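Peer 1: As a plain string of letters, each chain reads:
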Amino acid sequence: MTVSALLADAFWSAVAALGFAILFNIPKRTLWACALMGATGYTLRAVLLNLGLTIELATLTGATAIGFLGALLARRFHMPVVIFTIPGAIPLVPGTFAFRTMIGILQLTNQNLLDDALILTEATTNGIKTGLILAALAAGIAAPKLLFQRRKPVV
Amino acid sequence: MTHNHPKPPLAYNELRDVIDLSLWAGQMLLQHGAASQRVEETIHHLGTGLGCDWIDILVSPNVIIVTTSSGQEFRTKLRRVVRFGVNLWVVTAVNDLSRRVTAGQMDRHQVRQALAEIDQEPLQYNRWLTVVMVGLACAAFSRLFAGDWPVFGITFLAAAVAMFVRQELSRRHFNPNLVVIIVAFIAGLIASNAALFRLSLTPNTALISAVLLLVPGVPLINAADDLLKGHLIMGIARGVTGLIVSLAIALGLLLAMRLLGVSGL
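So the sequences go chain by chain: U and S. Under our numbering, the very last position in the first sequence is 373; numbers go up by exactly one each time. Under our numbering, the very last position in the second sequence is 260; numbers go up by exactly one each time.
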């Protein structure tokens, strides 16, 4: 993986996070931070994938970085942490896996038996991957709270 | 919480105000994309900050139920919650409000005023800026998926038009799932041109990237967060919402591809 490829990944994931931050009506003065969050999580995951980690583990690590960086930014801006973690997590969301699963399921209705097994396997794999990546994403984002901000529940 | 300095008991009508305001704040959070834990904690802080002794909260997919108690008195109320788009500005504003209430800086009347103002606040960004930036975001994804420049251009066009259609349909209060199918269909029609006119070596990247503006990222992340923190019903409901939206995207996209005879994804 070259440095220019890494920089390109960082740039485009920042643009993606920025677009979704605007779609989600993020307070204006946090926009740059949201772009930074998007670039951090995605680039870290890209590096780890390149080193041969599975996508689930790489997502967990990337999301944990987002969680901790988000907690720092939330303190700096005096804002809830979701403002930073949601746009940061968007480039890591397994959206493509999710609707590939659905497309696979829909295609099962009009194929012959031989293809069916293949499509079913692919749809199932994609579905399980979607679930695992999402679980890794949520656990990573929640990591600072789960590890360091433990409190007796108030509600 | 220490009980050495008990709060003065609230009158019955004061309890009514507290329950109203905490329900209102909770409804805004839930409608605009906050996770269940945050909704419950904010309602709790707001209600106890406004003077009641304790609050019990039930957050469920379509309704919030709250019981406030003070001294011997208690009141219970429920409020319907419908699904809105994600709006993190509202989440920030309500969170800030509850922080000020907890610090003792606001009374009931000021809270009511502030909540009404949050409700009236227009979106922070011009709709055309949103159209362009969402188009760019999807086009950026096509770069991340190793698409070439023609794919980048087509994805931008498809996603921007799709976002515009989404705004128009949502404004006319169409069923949200129907909106997703139609918008995915339109994005698919435009993005298919990459394959139809052989504009690129990786034409299918445009199809995948152009519908990413519809991906239910926030419901899915919140679903996992809710499940992780023990809000099982909410987690399952949000997960199912995410599944249905994904299905709607696939339906719209497949429909467009079949219509134009584009294959492979």
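Fair warning: there could be bad hints in the mix.
Take a look, some chain U residues computed to stay more than 10 Å from chain S by CB distance [claimed, not checked]:
# : residue
1 : L241
2 : E274
3 : L326
Under the rule of at most 27 Å between Cα atoms (straight-line distance), these lysine-lysine pairs were calculated in the DSS-like manner [what the hints assert, rightly or not]:
#  : chain 1 : residue 1 : chain 2 : residue 2
4  : U       : K246      : U       : K363
5  : U       : K363      : S       : K72
6  : U       : K370      : S       : K2
7  : S       : K224      : U       : K370
8  : S       : K72       : S       : K2
9  : U       : K347      : U       : K370
10 : U       : K347      : S       : K2
11 : S       : K2        : S       : K224
Read the hints as simulated data drawn from the structure, not as lab findings. Keep in mind it's a predicted model, so treat the numbers as computed, not measured. All residues carry an ideal CB built from backbone N, CA and C; glycine is no exception.
Peer 1: Look at each hint and say if it fits the structure.
Peer 2: To see whether the hints hold, each was checked on the structure:
1. Under the 10 Å C-beta cut-off, the non-interface status given to L241 of chain U relative to chain S is violated; the minimum distance is some 5 Å.
2. With a least CB separation of 13 Å from chain S, E274 of chain U remains clear of the 10 Å interface cut-off, as annotated.
3. With a least beta-carbon separation of about 12 Å from chain S, L326 of chain U lies farther than 10 Å from that chain, consistent with its non-interface assignment.
4. Between K246 of chain U and K363 of chain U the alpha-carbon distance is near 26 Å, which keeps this suggested pair within the 27 Å criterion.
5. Distance check on the hinted pair: K363 of chain U and K72 of chain S sit about 31 Å apart at the alpha-carbon level, beyond 27 Å; violated.
6. Between K370 of chain U and K2 of chain S the alpha-carbon distance is near 21 Å, which keeps this suggested pair within the 27 Å criterion.
7. In summary, the hint linking K224 of chain S to K370 of chain U is supported, as the alpha carbons are separated by about 13 Å, within the 27 Å threshold.
8. For the proposed pair K72 of chain S and K2 of chain S, the alpha carbon gap of about 22 Å is at most 27 Å, so the pair holds.
9. Pair hint K347 of chain U plus K370 of chain U does not hold up; C-alpha atoms about 34 Å apart against a cutoff of 27 Å.
10. With a CA separation close to 51 Å, the supplied pair K347 of chain U and K2 of chain S exceeds the 27 Å bound.
11. Proposed proximity of K2 of chain S and K224 of chain S is contradicted: the alpha carbons are some 31 Å apart, above 27 Å.
Checked against the numbered hints above, the structure breaks hints 1, 5, 9, 10, 11 and satisfies the rest.
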